[in-house]
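Protein chains in written order, with numbering that gives the first Met the number 0: chain F, 0 to 492; chain Z, 0 to 317; chain X, 0 to 130.
Some hints here could point you the wrong way.
Stated by the list, open to error - With the Cβ distance kept under 8 Å, some of the chain Z side facing chain F (calculated, not the full set): (1) Leu-88; (2) Tyr-91; (3) Ala-92; (4) Pro-105; (5) Gly-142; (6) Phe-148; (7) Leu-256; (8) Ala-259; (9) Phe-272; (10) Leu-273; (11) Asp-274.
Hints are computed from structural coordinates only; laboratory data are not their basis.
Positions of the beta carbon are idealized from the N, C-alpha and C atoms, including for glycine.
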Amino acid sequence: MISTQLPAIVLLLTLLSAPVCSMIRNGDNAWKLAMCSVWLSVAAACALMAQVWGGNNISYHMGGWAPPWGIEVRIDELSALVVILITLFGALVISALRESLRTVMRSHRHSLYYATFLLCMSSLIGITITGDAFNVFVFLEISSLSTYALIARGRDRRALIAAFRYLIMGTIGATFILIAIGFMYMVTGTLNMADLAQRLPEHTDNRVIQASFAFFTVGIALKVAVFPLHYWLPSAYTYAPKATTAFLAATATKVSLYVMIRFVFDVYGVEFSFSQMKLDVLLIPMSIAGILIASLTAVFQSDVKRLLAWSSVAQLSYMVLGMALLNLNGLTASITHMFNHAMIKAGLFLTLAAMIYRVGSSQLRDLAGIGRSMPITTAAFVILGAGLVGIPLTAGFVSKWYLISAALDKDWVWLAALLIISSLMALVYIGKIVDVAYFKEAPTEHQAVRDVPVTILIPCWAFALLTIYFGLDTRATAGVADRIAHSLLGIAS
Amino acid sequence: MLVATVIMIIRTQKLMSAVLMMSFFSLLCSCIFMVLDAVDVAFTEAAVGAGASTIFFLAAIAIVGRTSKPSRPGKTLVPLIACIGTGALLVYASFDMPYFGKVDAPIHQHVAPRYLQESAGEVGPPNVVTSVLASYRGYDTFGEVGVVFTAFIGVLLLLGAGTRKAGIERPAPPNVNDESMRQKIVLREVSDLVVAPVLIFALYVQWHGDFGPGGGFQAGVIFASAIILYALIYGIVPAQQLLPPRKLAYLPGVGLLLYAGVGVYSMLMGGNFLDYDKVASNPLDGQHYGILIIELGVGITVAAVMINIFFSLSERSL
Amino acid sequence: MLAGLFNYWVVIILMMAGLYVVMSSRHLVKKIVGLNIFQTAVFILFISMGAVDGGTAPILVEGTTLYSNPLPHVLILTAIVVGVATTALGLAIAVRIYEAYDSVDEEDIAAMDTEDRRQENAVTTVTNTPS
Numbered sequence: 000m001i002s003t004q005l006p007a008i009v010l011l012l013t014l015l016s017a018p019v020c021s022m023i024r025n026g027d028n029a030w031k032l033a034m035c036s037v038w039l040s041v042a043a044a045c046a047l048m049a050q051v052w053g054g055n056n057i058s059y060h061m062g063g064w065a066p067p068w069g070i071e072v073r074i075d076e077l078s079a080l081v082v083i084l085i086t087l088f089g090a091l092v093i094s095a096l097r098e099s100l101r102t103v104m105r106s107h108r109h110s111l112y113y114a115t116f117l118l119c120m121s122s123l124i125g126i127t128i129t130g131d132a133f134n135v136f137v138f139l140e141i142s143s144l145s146t147y148a149l150i151a152r153g154r155d156r157r158a159l160i161a162a163f164r165y166l167i168m169g170t171i172g173a174t175f176i177l178i179a180i181g182f183m184y185m186v187t188g189t190l191n192m193a194d195l196a197q198r199l200p201e202h203t204d205n206r207v208i209q210a211s212f213a214f215f216t217v218g219i220a221l222k223v224a225v226f227p228l229h230y231w232l233p234s235a236y237t238y239a240p241k242a243t244t245a246f247l248a249a250t251a252t253k254v255s256l257y258v259m260i261r262f263v264f265d266v267y268g269v270e271f272s273f274s275q276m277k278l279d280v281l282l283i284p285m286s287i288a289g290i291l292i293a294s295l296t297a298v299f300q301s302d303v304k305r306l307l308a309w310s311s312v313a314q315l316s317y318m319v320l321g322m323a324l325l326n327l328n329g330l331t332a333s334i335t336h337m338f339n340h341a342m343i344k345a346g347l348f349l350t351l352a353a354m355i356y357r358v359g360s361s362q363l364r365d366l367a368g369i370g371r372s373m374p375i376t377t378a379a380f381v382i383l384g385a386g387l388v389g390i391p392l393t394a395g396f397v398s399k400w401y402l403i404s405a406a407l408d409k410d411w412v413w414l415a416a417l418l419i420i421s422s423l424m425a426l427v428y429i430g431k432i433v434d435v436a437y438f439k440e441a442p443t444e445h446q447a448v449r450d451v452p453v454t455i456l457i458p459c460w461a462f463a464l465l466t467i468y469f470g471l472d473t474r475a476t477a478g479v480a481d482r483i484a485h486s487l488l489g490i491a492s
Numbered sequence: 000m001l002v003a004t005v006i007m008i009i010r011t012q013k014l015m016s017a018v019l020m021m022s023f024f025s026l027l028c029s030c031i032f033m034v035l036d037a038v039d040v041a042f043t044e045a046a047v048g049a050g051a052s053t054i055f056f057l058a059a060i061a062i063v064g065r066t067s068k069p070s071r072p073g074k075t076l077v078p079l080i081a082c083i084g085t086g087a088l089l090v091y092a093s094f095d096m097p098y099f100g101k102v103d104a105p106i107h108q109h110v111a112p113r114y115l116q117e118s119a120g121e122v123g124p125p126n127v128v129t130s131v132l133a134s135y136r137g138y139d140t141f142g143e144v145g146v147v148f149t150a151f152i153g154v155l156l157l158l159g160a161g162t163r164k165a166g167i168e169r170p171a172p173p174n175v176n177d178e179s180m181r182q183k184i185v186l187r188e189v190s191d192l193v194v195a196p197v198l199i200f201a202l203y204v205q206w207h208g209d210f211g212p213g214g215g216f217q218a219g220v221i222f223a224s225a226i227i228l229y230a231l232i233y234g235i236v237p238a239q240q241l242l243p244p245r246k247l248a249y250l251p252g253v254g255l256l257l258y259a260g261v262g263v264y265s266m267l268m269g270g271n272f273l274d275y276d277k278v279a280s281n282p283l284d285g286q287h288y289g290i291l292i293i294e295l296g297v298g299i300t301v302a303a304v305m306i307n308i309f310f311s312l313s314e315r316s317l
Numbered sequence: 000m001l002a003g004l005f006n007y008w009v010v011i012i013l014m015m016a017g018l019y020v021v022m023s024s025r026h027l028v029k030k031i032v033g034l035n036i037f038q039t040a041v042f043i044l045f046i047s048m049g050a051v052d053g054g055t056a057p058i059l060v061e062g063t064t065l066y067s068n069p070l071p072h073v074l075i076l077t078a079i080v081v082g083v084a085t086t087a088l089g090l091a092i093a094v095r096i097y098e099a100y101d102s103v104d105e106e107d108i109a110a111m112d113t114e115d116r117r118q119e120n121a122v123t124t125v126t127n128t129p130s
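Okay, chain F solo, but in the shape it has when bound (with noise of 0.2 Å):
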């Protein structure tokens, strides 16, 4: 019985522990349940990826209703992977969460935080497996929501600015969605996205399909943080606090770039979108641009974490750019490299989070010397920062080798040439870091730092060793993505 209500319970096992946690007063214990709750919930999507596993697709009916009439919970392995990415990453943030938050909140607090980071994430993974337009839209307000509320929680003041521009940017999209949802049903009368895709290629040629699509894409490019809608994202990820930012930084793009992927391909379908709409002649000049542009940006921040958050705009460039090349090397750089990414900025982030509990500061002049002062979690950091510039052995350097052979299969030698140096440039900004760590004496101040407590080490840790692993092994993320990647353009394998 469990097996055929997986679909349900992955979304349940987080959604209704946060009201629960909401109710505890203790945060401790808070956190015990939502350790469970998402531990049990990794659990549950890796059940669920051994199903679809090797294509087959899993369709849940909720309230038992047959779609279109009904909403439908659709899994294939690209939906699987996002929740796998979620449901993991989340889970190791969560678990290193409780030391973090105990020098910056009242520990009574602690459970009402808990209970928004829980939410966040069940609300994620709700977009990612849903079948319907409109839930989409749904589940994408309460991570929003969720969103907003860890943000402005951040200790700098500046924190709630940049979740109140995050609040009017987001909702401003959300609602752009809500009008091409409302487009596609008014030309189609139905809200199921495998319904929509059946019907929307009648109709190619009404404008009020094309300026749905022009309201989605607009929508969700303003989610995914595409340059240059990319505004809100450097300081709502540098005045968040610590833990949170490992947490947004992971999931919630790479979950707005998976209903663009979803959307564009699957719902809109690939005709439609590339050659009738020239969605790449948008997109490839915009993500290059941002590729450029924010990898600058980021190489001249002296706030670590200002840097890391201008590094993401960039690395979020490259997956758009991956899906607008439209070939299979692309799209799977694509969604490897979504997997990859999240894991490597979570991890970063993380260890980030590590030293700012240390050191309290995030400039970089206050890391100095800290290589010395706390080895192991600056070797954690080095690891994934190599798998941020894409050194061999790591997993970044799976999803660049594919990016660069996609643009070398379009004979287009000056974007590979681009990408190169652009990855120069990411190691330019690490390297910087790295300097500061081991080469520049410690401030006085700081010289009685030491390593933080396991309960952080253990998740820095588990994010470097992964990245290593997908580096070595890549069935699991190149493997599905490649899969994935030939159903959505319709290639058979």
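Starting from the known structure of chain F, arrange chains Z and X on it as the hints suggest.
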């Protein structure tokens, strides 16, 4: 008239009038929904748009002050162009839209006919909106309760006890206002008369949603507005003695769990999540009980969340 | 044609007016007012879609066959509640901003932020000089 109202909102620099205009705008919209045969939506818009959100705005304005500075002329140009561009795109698209009110528009052909024709036999309630909301698309409504709950947790996380920085002490005129409010006999008498019937009306809306317009959302908001009215007239403190915030904070979670409980129960009985057919031995009875319980869950969550948010916003100005 | 599309055009004007308020006003609370108008206009768009000439409200009664489409109504019920949830959270953040900055004017706050950042950098130069 709608357009005129909106232009007023753009022009005015007094926040108070902008908010009141917005409330008026909501009320007008609610009338339009009524004309367009969307009774449930009209009901909700009047209760939520014109009622609850206006109250939240007023509570917030009491804290942040009433006037806004005019924007600089150069700054308004870019948004203006962006808006006109988007508007032009929409007008361009509108030429291919099915004409307003046409029976043969695609949306009346595909999914919706089944709701109208079969719902009486499959789900039960004569109000089709209730059947679709609670049963066919019950999962969406579950998500929606989740949204409300998230907003509650978010507001509590931001404004709850202990988040206020020590040292920001404002002179407190609102207290004086409370006194003067309490002395206004007419208001007091009227509110005494009104609060009880409104509460009863909320219960009626809650249980009558199957047959007429109404249901958990509307009932929740109406119930909350009765309490808020009481709090406005008699002050926050007596209202909080009536409903201690600490206990009230449990209720949204209870509502959400009640809703999910029905779903989990149906899963245990061998159906899918929220499959009310399995709740009782006879599918129609099951649907009936299922809808009653989830509407109750919705009502509890919405009412408790609205009251909670109002309390936390207005506590800040004390 | 004019009669058939007039409703949509009014909706479009309202939507754009709402969006304009969001983007142009400096006052944070007024931005949220704008968001509300924008969203409400989208609600009218959905409800307009569902309307049928000569139809009645979708509550089944003997003898009536023509009802307006219930599905948009359901979607908008959901969307209204989502809207008020967003409004509440936005206002909560605005109130916190006021407490932290003593202002809810976007440009004043931006000025204060620049000041904050300048101070952060100033500290950099001070600590660097001794080393």
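A quick look at each hint next to the structure:
no. : hint    : in the structure
1   : Leu-88  : holds (6 Å)
2   : Tyr-91  : holds (6 Å)
3   : Ala-92  : holds (3 Å)
4   : Pro-105 : holds (4 Å)
5   : Gly-142 : holds (4 Å)
6   : Phe-148 : holds (7 Å)
7   : Leu-256 : holds (6 Å)
8   : Ala-259 : holds (5 Å)
9   : Phe-272 : holds (4 Å)
10  : Leu-273 : holds (4 Å)
11  : Asp-274 : holds (4 Å)
The structure shown violates none of the earlier numbered hints.
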